[in-house]
Amino acid sequence: MRSIRLPGMYLREEDLRKLVGVIEYTPRARYSYSAGQALSEFLRGLREGRILGRLCPSCNRVLVPPRVYCEHCYTQTTEWVEVPGTGRVESVVVSYIGTARERLEKPEIIAVIRLDAPGYGRDSFDFAGLFHKLCGVTEDDVKSGRVIGLRVKPRWKPLELRTGSILDIECFEPEVVESERA
Amino acid sequence: MSVPKKFRLEDTIHVKGKIEVEKYVYTPGVAGLKLAEALIDGRMLGIRCGDKILVPAKLYCPDFTQGEIVEVKDPWIVEAYTVIYEDMYGRRLEKPQIIALVRPENSLGGIIHYVKTDIEKIRLGLRVKPVFKPREERRGLITDIEYFEQLE
Amino acid sequence: MVSYVRVAVIGIGYYGFKPSVPDLSFREMMFEAAMRAYYDANVDARRDIDVFISCQEDFWEGIAISDEFAPEPIGGVLRPTMTIAGDGLQCIGQAYMIIKSGLADIVAVEAHAKPSDIESIQEIYELSLDPQVRTLNIANPLFQAGLDATAYMRWSGARREHLAIVAVKNRSRGLLNPRAPHASKISLDMVLSSKPVIYPLTRFEIADFTDVAINIVLASEEKAKMYTDRPIWIDGIWWSTEVGSGAIEWHDWGRMPSLRLASREAYRQAGLSNPINQTDFAEVEDRFSYIELLALEELGLAPGGAHRLLESGFYDANGSYPVNPSGGSLAVGLTLEATGLWRLLEAILQLRGEAGGVQLRDARRAIVASWRGPPTYTSTVAVISKE
Amino acid sequence: MRPNIYVKDKVAIVGAGLTLFRRRLLETPRELAWEASKQALDSAGLTLKDIDCIVIGSAPDAFDGVHFKGEYLADGSGGFGKPTVRVFVGGGTGVMIPIAAWWHVASGLCKTVLAVGEEKMSHAYPHPQGVFAYIWDPILERPLGPNLIWIFALEMARYMHVCKASKEDIALVSVKNKRNALDHPAAQAAANITVDDVLKSEVLVWPVQLLDISPVSDGAVALVVASEKIARRVTDTPVWIDGVGFTLDNTHWYNRDLSYPRYLEYAARMAYKMAGIERPWKEIDVAEPYDPFDYKELHHIEGLMLARRCEAPKLLREGYFDRSGELPTSPSGGLLGVGNPIAAAGVMKVAELFWQLRYEAGARQVKKPVHKAVANAWGDLMQAGTVIVLST
Chain A
0 MRSIRLPGMY
10 LREEDLRKLV
20 GVIEYTPRAR
30 YSYSAGQALS
40 EFLRGLREGR
50 ILGRLCPSCN
60 RVLVPPRVYC
70 EHCYTQTTEW
80 VEVPGTGRVE
90 SVVVSYIGTA
100 RERLEKPEII
110 AVIRLDAPGY
120 GRDSFDFAGL
130 FHKLCGVTED
140 DVKSGRVIGL
150 RVKPRWKPLE
160 LRTGSILDIE
170 CFEPEVVESE
180 RA
Chain B
0 MSVPKKFRLE
10 DTIHVKGKIE
20 VEKYVYTPGV
30 AGLKLAEALI
40 DGRMLGIRCG
50 DKILVPAKLY
60 CPDFTQGEIV
70 EVKDPWIVEA
80 YTVIYEDMYG
90 RRLEKPQIIA
100 LVRPENSLGG
110 IIHYVKTDIE
120 KIRLGLRVKP
130 VFKPREERRG
140 LITDIEYFEQ
150 LE
Chain C
0 MVSYVRVAVI
10 GIGYYGFKPS
20 VPDLSFREMM
30 FEAAMRAYYD
40 ANVDARRDID
50 VFISCQEDFW
60 EGIAISDEFA
70 PEPIGGVLRP
80 TMTIAGDGLQ
90 CIGQAYMIIK
100 SGLADIVAVE
110 AHAKPSDIES
120 IQEIYELSLD
130 PQVRTLNIAN
140 PLFQAGLDAT
150 AYMRWSGARR
160 EHLAIVAVKN
170 RSRGLLNPRA
180 PHASKISLDM
190 VLSSKPVIYP
200 LTRFEIADFT
210 DVAINIVLAS
220 EEKAKMYTDR
230 PIWIDGIWWS
240 TEVGSGAIEW
250 HDWGRMPSLR
260 LASREAYRQA
270 GLSNPINQTD
280 FAEVEDRFSY
290 IELLALEELG
300 LAPGGAHRLL
310 ESGFYDANGS
320 YPVNPSGGSL
330 AVGLTLEATG
340 LWRLLEAILQ
350 LRGEAGGVQL
360 RDARRAIVAS
370 WRGPPTYTST
380 VAVISKE
Chain D
0 MRPNIYVKDK
10 VAIVGAGLTL
20 FRRRLLETPR
30 ELAWEASKQA
40 LDSAGLTLKD
50 IDCIVIGSAP
60 DAFDGVHFKG
70 EYLADGSGGF
80 GKPTVRVFVG
90 GGTGVMIPIA
100 AWWHVASGLC
110 KTVLAVGEEK
120 MSHAYPHPQG
130 VFAYIWDPIL
140 ERPLGPNLIW
150 IFALEMARYM
160 HVCKASKEDI
170 ALVSVKNKRN
180 ALDHPAAQAA
190 ANITVDDVLK
200 SEVLVWPVQL
210 LDISPVSDGA
220 VALVVASEKI
230 ARRVTDTPVW
240 IDGVGFTLDN
250 THWYNRDLSY
260 PRYLEYAARM
270 AYKMAGIERP
280 WKEIDVAEPY
290 DPFDYKELHH
300 IEGLMLARRC
310 EAPKLLREGY
320 FDRSGELPTS
330 PSGGLLGVGN
340 PIAAAGVMKV
350 AELFWQLRYE
360 AGARQVKKPV
370 HKAVANAWGD
380 LMQAGTVIVL
390 ST
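Chains as they are written, first to last, in numbering that gives the first Met the number 0: chain A, 0 to 181; chain B, 0 to 151; chain C, 0 to 386; chain D, 0 to 391.
Think of the hints as simulated: they come from the structure by calculation, not from any bench.
Every residue, glycine too, gets a C-beta built ideally from N, C-alpha and C.
Check the hints yourself; a few may be wrong.
[What the hints assert, rightly or not] Once the Cα atoms are required to be at most 27 Å apart in a straight line, the calculated DSS-like pairs of lysine-lysine come out as:
#1 B:Lys-17 x A:Lys-132
#2 A:Lys-17 x B:Lys-33
#3 A:Lys-142 x D:Lys-313
#4 D:Lys-48 x D:Lys-228
#5 C:Lys-194 x B:Lys-94
#6 D:Lys-281 x D:Lys-313
#7 D:Lys-166 x D:Lys-313
#8 C:Lys-194 x B:Lys-115
#9 D:Lys-48 x D:Lys-110
#10 C:Lys-17 x B:Lys-5
#11 D:Lys-367 x D:Lys-313
#12 D:Lys-367 x D:Lys-9
#13 C:Lys-385 x B:Lys-15
#14 A:Lys-142 x D:Lys-199
#15 C:Lys-385 x C:Lys-224
#16 D:Lys-272 x D:Lys-228
#17 A:Lys-142 x D:Lys-163
#18 C:Lys-194 x B:Lys-120
#19 D:Lys-166 x A:Lys-105
#20 D:Lys-48 x B:Lys-51
#21 D:Lys-313 x D:Lys-163
#22 D:Lys-272 x D:Lys-367
#23 B:Lys-94 x B:Lys-120
#24 A:Lys-132 x A:Lys-152
#25 B:Lys-22 x A:Lys-17
#26 D:Lys-199 x A:Lys-105
#27 B:Lys-132 x B:Lys-115
[Stated by the list, open to error] Quick list of the computed label-pair ranges, beta carbon to beta carbon:
#28 C:Lys-17 x B:Lys-94: 31 to 41 Å
#29 A:Arg-27 x B:Arg-122: 31 to 41 Å
#30 B:Lys-94 x C:Gly-352: 50 to 60 Å
#31 C:Ser-19 x A:Glu-47: 27 to 37 Å
#32 A:Arg-4 x C:Lys-17: 52 to 62 Å
#33 B:Pro-95 x C:Glu-221: 57 to 67 Å
#34 A:Glu-101 x D:Leu-181: 28 to 38 Å
Using the sequences plus the hints, can you model the full thing?
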């Protein structure tokens, strides 16, 4: 295969503009996703400023986000449990780009939060967790590696602005503000 | 579920969403580029596969050999047709659309297009020919053909 | 060398069969169906099932990589789980191969549909057409059905009345089936006097959408006998694609070579030489009225012409060869990629004697045939039996 | 995990073909599939008439911008009156394609399979990245406005934290693969770069920078897979598929420890067991771990058990994974160097091992003798592991 010229005709953006027979098409693919039993309750909880999980009766793990089944034990979860919302930063990054790869004016800090709730199995490979933005830390904090392991808590939007969405949590923020600690 | 399911519609949340990029820009392809140039010229292309000619022109034949691109000529005949009165949401059209699969008489395959005739007159085997848009409006797409019209 | 391993269905489960299931997410519906199927098969999802297959398409789900959501609700987390972007019956074919290859003894196949979550189903159908065809802005993306119907009517001699009889037969039959939300008591006059939607089809002759989740558990012969005393055997299954959906112009209009080719191989595997005499009934594609008749022709189940036999009552539930005793798609609905799977489900219930109001008297062997619908020309055919 | 393998008939790869990988190609997706398929058939000395079944793989429909992409690609992939099926496990699709082809043949129901992977990402505007906005959970994740790179950055940050790996260590993967790709005729992003170039490139989502990532590509790759009897007839050097494995982890990726790809280990164990491999780190001669991001190659080397946990960065520094090293990885140049038309890229990795094991890789041929090889692909929300083991 090495020496043969491979098929494929490369087009630069400007070549494309010169071509005839190019078709432009605007797609329309709209949905109304049913949140279902578990997530509907979870979203209602967020509106009330509570983070709700489901208890697995088999492994005693609390599932956040909640589902009606524990995927490891494959049993139905039985009870709603409110978790405190506090936890530790499991991983954290700084995003300089938006959804369509455009540069952001102000970088965003994104984290995986391991919540204070029982996880699955002894090594806790699976834990109750959320994926959200992080406030109250700087880019440099993140890059220095100091943020992983940091204790955090949710910062809620004012009650009147909450809509029953994951965005009812504005972000997670350090439990102890740096200046207070000093 | 051992917890009773909530059953009131107001207890369940529905979240709006989509899968939409701003737009898709489809390149015409190798055969499609030749076809596009021909359409602008007011011509139609097929490919020769063995002793048959298939329309529209593609890069390859059903046996996977590369086809030789050839021009096809009128007249065309209606191989299959339908009339669209309503869309999938149940909205009636103001003017029904007569859609047909038309193929050049001596070729296989064909193209899907509008046929301009009375609904009573459309039938299988009807002989038709393409009516092209004015040259300056052609863009190398099958819509460069405005419709097919019945041959006298 | 074809493997000697026989493959059986050992468990079935479903949830839904309603035009809309607003209270559950698609994942919760998948769980409900899976839980029922595993209970029926008496298997432990986490211990006994070797491979899990989900059948779905991104734009039906509204998620760009919908495979992500497959494993959790069906018990497939950290197990061999994969997705086939195809009709549910085609996935049964994949499971059949996986078991015959020796890779797995027990396979769970899942398909679900939540068309009630889709707000722009017409535009999504449009997105499945070749971009060149889309430029025509045809008002109804199901136009292919009309083209095929007129071409079929010409060569077969079937008239509009014959197509209407299919709608009357299936929609009325569905009144006896609790899984048929679109059943209704209609008359031939009602169909013939209603306005066409896609000529020659009226709205009674075009199937409507239904929400459902279905799970079917398959096993090798050895395992099947351990788990159940009423296995339903897959004697043969095959699928075929005539042309790509981007090359529909090259389709043989008015015919369905994909059903023909798929059925011939399925019959060969099952050892059928005269299918109409060697099977007792069929669940076949009927998302449009004409396709039931065309399918019967292509499946070799219409000696002397499907429309003539239909007229004589041959295909009625109490006729010589019942076709779509469930009520078919015209009564049960279209469940996106789960469509082929419920056809199989209905046939299994018949063979098990669990079909309730639609139960046939002597059902031992059946043909199940499903087309993936426009703009595809892909079909799957299965032969199943209880002995 | 109970892979439950009892397989009698051997299955071989007997041909491979591919198109250029580029940011944008003139060809339609179906034409790309045809070009790759035609080459694969020619290389095996077969025609479409000789093929029984077709397996197609392609990642999200939203790239090519066609719903039912498998059906759309069918004719370009040989699906003219043939049984045709499309497999889909996100980015893991590339290796799932030959896995599915394997069971088509191993079942005895097909003797020859044309297995095709295609992706045309350039259709989506303004940027193909926009498609990735829709892979997330529509209720809990999409409202945050996520970018695909977020999750990989989160995984990379966790890997760096747990394994004490530095950005420099990780950048070495990019340097190695882009250099390897200089010898690959399809390559889109081959280059002689240094660690410094990587560290100075645009920071997208810290710790991920521009040169840590594979490019957006159009391309197609095809394989011909056949039963033992046919394989021995058409070639003197069939490459056997010894083991296959695949796994999906849970959807809730932020409920998992991201530092280790357990989904891959499970899939690899399944494939190794089937192939009779007990000590992969000794028995595997050459590997094509999936490398859409540079840290991912290290992650996958560990998941494939070719190195101990957190040990891959050190071995990489020592040149262990170079083409002249003890266990060459991504000798093709990988996704970082050759390009990343998602499903096609995974097949490209398998095709590379096919050429390596036949000593046909020319300038890319690794120095050591090779008998056993492994490739993997990975996808979804860091969930899917697909593994294939090949041998001569």
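Outcome of the hint check:
This hinted pair checks out: Lys-17 (chain B) and Lys-132 (chain A) have alpha carbons roughly 23 Å apart, not beyond 27 Å. Straight-line distance between C-alpha atoms of Lys-17 (chain A) and Lys-33 (chain B) comes to about 14 Å, which keeps the hinted pair within the 27 Å bound. Restraint check for Lys-142 (chain A) and Lys-313 (chain D): satisfied, since their Cα atoms lie roughly 22 Å apart, inside the 27 Å limit. Our distance criterion of 27 Å between C-alpha atoms is met by Lys-48 (chain D) and Lys-228 (chain D), whose separation comes to about 17 Å.
As the CA atoms of Lys-194 (chain C) and Lys-94 (chain B) are separated by approximately 14 Å, the hinted pair is consistent with the 27 Å bound. The straight-line distance between the Cα atoms of Lys-281 (chain D) and Lys-313 (chain D) is roughly 17 Å, inside the 27 Å bound, and the hint therefore holds. Distance check on the hinted pair: Lys-166 (chain D) and Lys-313 (chain D) sit about 13 Å apart at the alpha-carbon level, within 27 Å; holds. With a C-alpha separation of about 21 Å, the suggested pairing of Lys-194 (chain C) with Lys-115 (chain B) holds against the 27 Å cut-off.
Of the pairs offered as hints, the one joining Lys-48 (chain D) and Lys-110 (chain D) holds, with about 12 Å between alpha carbons and a cut-off of 27 Å not exceeded. Pair hint Lys-17 (chain C) plus Lys-5 (chain B) holds up; C-alpha atoms about 17 Å apart against a cutoff of 27 Å. Between the alpha carbons of Lys-367 (chain D) and Lys-313 (chain D) the distance comes to roughly 21 Å, so the proposed pair stays at or under 27 Å and holds. For the given pair, Lys-367 (chain D) sits about 26 Å from Lys-9 (chain D) by alpha-carbon distance, which is consistent with the 27 Å threshold.
Of the pairs offered as hints, the one joining Lys-385 (chain C) and Lys-15 (chain B) is violated, with about 46 Å between alpha carbons and a cut-off of 27 Å exceeded. Between Lys-142 (chain A) and Lys-199 (chain D) the alpha-carbon distance is near 15 Å, which keeps this suggested pair within the 27 Å criterion. Distance hint between Lys-385 (chain C) and Lys-224 (chain C) is fulfilled; the C-alpha atoms sit about 13 Å from each other, no more than 27 Å. For the given pair, Lys-272 (chain D) sits about 24 Å from Lys-228 (chain D) by alpha-carbon distance, which is consistent with the 27 Å threshold.
For the given pair, Lys-142 (chain A) sits about 13 Å from Lys-163 (chain D) by alpha-carbon distance, which is consistent with the 27 Å threshold. Note on Lys-194 (chain C) and Lys-120 (chain B): the hinted pairing holds, with a Cα-Cα distance of about 19 Å set against a maximum of 27 Å. For the given pair, Lys-166 (chain D) sits about 23 Å from Lys-105 (chain A) by alpha-carbon distance, which is consistent with the 27 Å threshold. Our distance criterion of 27 Å between C-alpha atoms is met by Lys-48 (chain D) and Lys-51 (chain B), whose separation comes to about 18 Å.
Among the hinted pairs, Lys-313 (chain D) with Lys-163 (chain D) is consistent with the structure: their alpha-carbon atoms are about 11 Å apart, no more than 27 Å. For the hint linking Lys-272 (chain D) to Lys-367 (chain D), the alpha-carbon distance of about 25 Å falls within 27 Å, and the restraint holds. With a C-alpha separation of about 16 Å, the suggested pairing of Lys-94 (chain B) with Lys-120 (chain B) holds against the 27 Å cut-off. With a C-alpha separation of about 12 Å, the suggested pair Lys-132 (chain A) and Lys-152 (chain A) falls inside the 27 Å cut-off, and the hint holds.
In summary, the hint linking Lys-22 (chain B) to Lys-17 (chain A) is supported, as the alpha carbons are separated by about 18 Å, within the 27 Å threshold. The straight-line distance between the Cα atoms of Lys-199 (chain D) and Lys-105 (chain A) is roughly 20 Å, inside the 27 Å bound, and the hint therefore holds. For a cut-off of 27 Å, the pair hint linking Lys-132 (chain B) to Lys-115 (chain B) stands: about 14 Å separates their Cα positions. Restraint check, Lys-17 (chain C) to Lys-94 (chain B): a C-beta distance of roughly 36 Å satisfies the suggested window 31 to 41 Å.
Hint check: Arg-27 (chain A) to Arg-122 (chain B), Cβ distance near 35 Å, so the stated range 31 to 41 Å holds. For Lys-94 (chain B) paired with Gly-352 (chain C), a C-beta distance near 53 Å keeps the hint of 50 to 60 Å intact. The hinted range of 27 to 37 Å is satisfied by Ser-19 (chain C) and Glu-47 (chain A), whose Cβ atoms lie roughly 28 Å apart. Take Arg-4 (chain A) and Lys-17 (chain C): their Cβ atoms lie about 57 Å apart, and the range 52 to 62 Å holds.
A hinted range of 57 to 67 Å for the beta carbons of Pro-95 (chain B) and Glu-221 (chain C) is consistent with their spacing of about 59 Å. The hint said 28 to 38 Å for the Cβ distance between Glu-101 (chain A) and Leu-181 (chain D), and at roughly 32 Å that hint holds.
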